[in-house]
Amino acid sequence: MFPMFHSESTLITKTELRTSSRYKRTWSKYMKEIIKFLLAGFLLSVIYYIVIILFGAPVFMRHEETTMLTATLITLTFIPASFHLGVDGAIEIITGGQLQKGNVLIDALKTNIQATLLGTWLGAIVIPLDWDRPWQAWPIPCVLGALLGYTVAHFITLVKTLPMLRLGKKVHR
Amino acid sequence: MESNEMDKNIIILSYIVFIAPLSIALFLYGFFPLMHCDNTIATQDDIPKFIENTRVKIDTLYEPIAKRLIVLIIDALRWDFIEGSVGKIAMPITSSLIVNSSAYLLQTKVQPPTVTMPRIKAITTGMIPSFIDVALNFGSKPVTGDSLLYQAKKAGYKSVFYGDDTWITLFPSIFDRYDGTTSFFVTDFTEVDDNVTRHIQEELYNNNDWSIMILHYLGLDHIGHVHGPFSPLIKTKLKEMDNVIAKIQIKVQEWNQNNDSTVFIICGDHGMKDSGGHGGSTVSETTVPFVIIGTKNHQNYIKDPIEISQIDIASTLSVILGVPIPYSNIGTIFLDALYDLPISKKLFILYYNSKQVFNHFQKLVDAYHKYLEAIKLHNAWLNTKDHPDDMTDDIVLSYKTALKGMKEILISSIVKYDFQIITVAIIFLCQIIENGIEEWFLSFGTLIHAISFIGTSFVEEEHQTWYFYWVTVLILLLHNFLRRCFAREFSQSHYQRNLYAQISIKLFLLLIGHRILRKLNSTGDKYAHLPDIAGFLIKQESRLGMTIVLIAGLALLIWIDFIHENKTHKKLSLALNFIISVCIYLRHMHNNRVAKIPFYPPTRGIFEVQIFWFLLVINLTKYIYDLICIRKCCSRFFPRVSLYFILQMWIMVVAMLHQPHSVILLPFQIIFSSVIYEIIKNDITQNSWVLLYTWIGNVFYFYQGNSNSLATVDVAAGYVGVQSYMPFINGSLLIINTYAAPLLSYFLLIYHAILQHPYNTCETIVRISKIYTTWRLLPVAIYTIIISIQRYHLFVWSVFSPKLLYEAVHSTVICSAVFIVLILATIQKAINNCKR
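Quick mapping for you: the protein sequence lines, in order, are chains C and V. Residues in the first sequence are numbered from 1 upward in steps of one, following the working numbering. Residues in the second sequence are numbered from 1 upward in steps of one, following the working numbering.
It should be emphasised that the hints constitute simulated quantities derived from the structure, not laboratory data. Every residue, glycine too, gets a C-beta built ideally from N, C-alpha and C. A couple of the hints might just be wrong.
Short, incomplete list of chain V residues facing chain C, as computed with Cβ under 10 Å [to be verified]: (1) T54; (2) I409; (3) L410; (4) T456; (5) Y467; (6) F468; (7) L474; (8) I475; (9) R518; (10) T774.
Sequences and hints are given; from them, build the entire structure.
Right, dumping it as structure tokens:
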């Protein structure tokens with residue numbers, strides 16, 4: 001997603017360094033990572049699900065819809081972050097831990113996650129309105145809000161990084 | 001120096017506390033002007049003798065159609081009680097009458113507010129009572145203007161009345177015989193109606209010298225208030241009503257066969273919400289059936305019923321009785337839907353009706369060409385020799401469009417806003433509010449909430465806003481503490497980490513508690529029909545559940561009081577609280593809401609409440625004794641003891657008034673506030689502190705089932721332990737019950753503030769009260785501006801105005817509470833000064 005910044009991420013360079021070691025160890029390491037990823041993803045979905053219910057989603061009905069929203073949120077927050085930073089890094093970011101500051105990739109992912117969640121939160125506003133539109137049905141406004149938030153976050157990152165890109169070019173020259 | 005600052009604060013606060021209610025009252029006065037009642041009475045001369053310049057014979061054109069009229073009003077009879085599946089099963093006789101066309105069913109549209117008194121006025125006078133009548137619903141005054149009943153009396157008709165005594169207060173000298181039943185014991189389902197039914201036999205067979213009989217049954221409404229429209233009790237009641245209808249109908253038929261023409265009308269005064277109350281403007285509240293028996297046979301509608309307006313009834317009945325139409329009437333006659341009238345008569349009635357409505361209309365607009373055109377055509381038709389048929393349809397149509405147009409304009413222009421007063425009130429309100437804003441989410445959220453009232457949905461669904469905010473605050477706090485708990489900082493001690501974990505667990509429990517409590521009473525408009533816990537508990541089968549919930553609530557309250565009470569009289573207060581709880585339990589037992597205690601004699605629930613008040617007096621003496629003790633040793637505890645006493649009294653009274661399932665909200669509110677207090681007491685500004693407590697108050701206000709529709713006011717609470725109708729006491733009890741949560745949150749806030757600052761209590765109290773009042777008045781100020789801008793909105797009467805009333809009462813109540821606290825602070829200050 002942000003190929004030009006990969007070189008900056010220390011975490012990823014670390015993993016890349018390790019890939020050069022023996023094949024078998026890497027394979028088991030990958031397996032371990034995948035299992036960890038699945039497990040963390042599942043746990044996080046459960047947490048998301050519970051939080052959504054606490055916010056007022058129906059408890060005994062519409063499990064499918066709530067699950068869809070959860071899936072959307074996981075896809076937009078946890079999965080990209082763990083692809084870029086690994087599972088530990090993703091969890092660190094989502095819980096708001098203190099990963100290194102000033103790292104462009106981490107900042108971008110953080111913005112993504114925050115904006116996605118904020119978008120979902122704001123999306124809920126239109127649900128109680130009495131317009132009786134089909135798109136007001138649960139959980140469409142929240143999903144749309146999440147996607148919008150995610151998009152907006154990318155624009156923010158773009159605007160933030162533009163000056164940096166120009167600087168990089170100059171240095172190359 | 002500090003003392004000066006405080007004096008200033010006290011003065012500012014007392015200024016706010018006095019000016020705010022005054023300016024709100026001023027605004028209300030400007031917004032809901034009391035209508036200038038035109039007391040003109042229509043006379044025989046008002047029945048026109050000429051159409052333009054052609055003379056007509058009114059003796060034949062306007063003679064009475066029926067000699068007798070029976071009006072049976074069933075309070076809160078909503079449309080589906082006759083026409084829905086419920087009605088078909090529960091009212092078999094009425095349904096069969098409608099099916100075989102001996103009864104004729106029309107659909108009546110009712111104007112909000114859907115409360116009995118304004119509805120009776122609309123039915124009898126044919127005009128729309130002003131909105132503020134809903135506030136005067138309890139203390140009704142006699143109708144001074146013209147009405148159908150007055151006209152009938154003048155024409156020499158004898159009227160009798162049995163039922164809701166609102167009629168008797170409205171029309172004190174009209175009825176020849178009457179017996180009123182009070183609507184003040186909402187929990188009485190049978191006696192109110194038996195008191196009406198027992199007169200019917202007598203009036204129908206032995207004593208039938210009357211021409212108009214009005215019956216008003218209240219039982220259905222009472223069941224609706226307590227159990228809702230889907231209760232099995234509703235069906236039993238409808239069956240009872242069906243039998244009454246059958247009984248009268250047989251006699252009506254006999255009279256009609258003997259050429260003693262009689263018209264029998266069955267109608268509801270207003271509908272009922274799915275949640276049981278009424279007063280708002282939903283379809284189920286504003287649509288009621290109107291059944292008429294004794295008119296000439298008509299085919300009932302097949303697809304859509306004919307729709308009439310409730311104000312049309314007065315004029316139609318006037319024509320049926322052959323009396324002048326009441327002067328104030330703006331309704332249109334729907335007689336042609338009921339009778340096959342000769343064409344000349346039909347036209348004459350239309351002309352009379354149009355002329356009479358036009359009289360009112362003239363005051364607004366000079367002329368209405370449709371009306372003039374209709375008269376011209378009518379006149380031309382009269383002057384032709386053979387009275388051609390092809391013209392009449394045209395004339396009827398012109399009259400009807402003219403009438404409809406005039407009626408609509410009249411209804412919409414019935415209110416004139418006094419804009420100068422409104423502006424002055426807004427300026428005063430805005431001037432009171434000036435405050436710094438600190439913590440962004442809380443302040444911002446409160447502001448957004450106030451601004452959101454621009455949309456009617458956000459007014460109707462205000463509870464959603466608060467629930468959403470509340471979860472957000474809790475989740476943010478939880479996230480914050482979880483992060484601290486799992487942070488990889490080694491500087492943190494084990495103890496601190498434990499503390500954070502504990503707080504996180506508490507916050508999570510609060511979240512779960514919130515999720516459950518918001519399901520206790522579903523409220524608002526869009527989702528009010530969803531099943532809720534209260535609805536489940538109210539059912540007779542789950543009486544055990546209700547008992548457990550009530551006892552749990554009371555036990556928690558006793559326990560909380562036991563923990564916080566002064567060591568010296570823990571036992572005394574435990575005993576007192578226990579007896580009070582028993583009183584509360586017994587009061588609900590009399591209503592059959594909770595499990596019965598064996599061998600306890602049946603009561604009316606009055607005696608228990610009287611004992612309760614007596615116990616409160618004992619509590620008061622205990623407090624005075626405390627004060628005397630304190631005076632000797634340590635007077636700086638005075639505010640704390642006083643506030644504890646106020647809290648105690650408030651909780652006791654509210655626990656007595658609340659519905660049995662809502663009592664549990666009180667201990668939960670205290671627990672919620674205490675948890676929040678523990679978490680935030682050290683690292684948060686005073687402003688945010690106040691806002692958090694306000695939010696808790698609001699959240700609990702809606703848990704209780706309140707909303708911004710007048711239908712959700714729990715009227716039953718106004719009559720707890722009251723034997724007769726005393727407007728002041730009933731009103732106070734209602735207000736206490738409705739605003740229990742916001743006031744409790746204010747008192748808790750002050751109490752916790754005193755605990756937090758034991759040494760400079762006065763300053764803290766005054767400062768916090770000031771912030772609290774400001775944040776309360778801010779939404780009011782913004783709302784007054786919004787409603788002034790939106791005054792021509794379609795929903796101004798159904799959504800915006802009830803909210804305005806709610807806000808006004810809420811602010812006034814808070815101002816009085818602040819005033820009490822202010823007195824405490826002043827006394828404490830005086831004591832301090834004396835000491836120095």
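A quick look at each hint next to the structure:
With a least beta-carbon distance of about 52 Å to chain C, the hint placing T54 (chain V) at the interface is violated under the 10 Å criterion. Hint status for I409 (chain V): violated, given a least beta-carbon distance of 27 Å to chain C, over 10 Å. The beta carbon of L410 (chain V) comes no nearer than 28 Å to any beta carbon in chain C, farther than 10 Å, and the hint placing it at the interface is violated. Hint status for T456 (chain V) relative to chain C: holds, with the closest Cβ pair at about 7 Å, below 10 Å.
For Y467 (chain V), the shortest C-beta to C-beta distance to chain C is roughly 6 Å, which falls under 10 Å, so the interface hint holds. For F468 (chain V), the interface hint holds, the least distance from its beta-carbon to any beta-carbon of chain C being 7 Å, beneath 10 Å. Annotation: interface hint on L474 (chain V) holds; nearest CB of chain C at approximately 8 Å, less than 10 Å. The closest approach between the C-beta of I475 (chain V) and any C-beta of chain C is roughly 6 Å, which is under the 10 Å cut-off, so the hint is satisfied.
Contact between R518 (chain V) and chain C, as hinted, is supported at the beta carbon level, the nearest pair being about 7 Å apart and thus within 10 Å. Look at T774 (chain V): its Cβ only gets to about 26 Å from chain C, farther than 10 Å, so that hint breaks.
Comparing the model with each earlier hint shows violations of hints 1, 2, 3 and 10; every other hint is respected.
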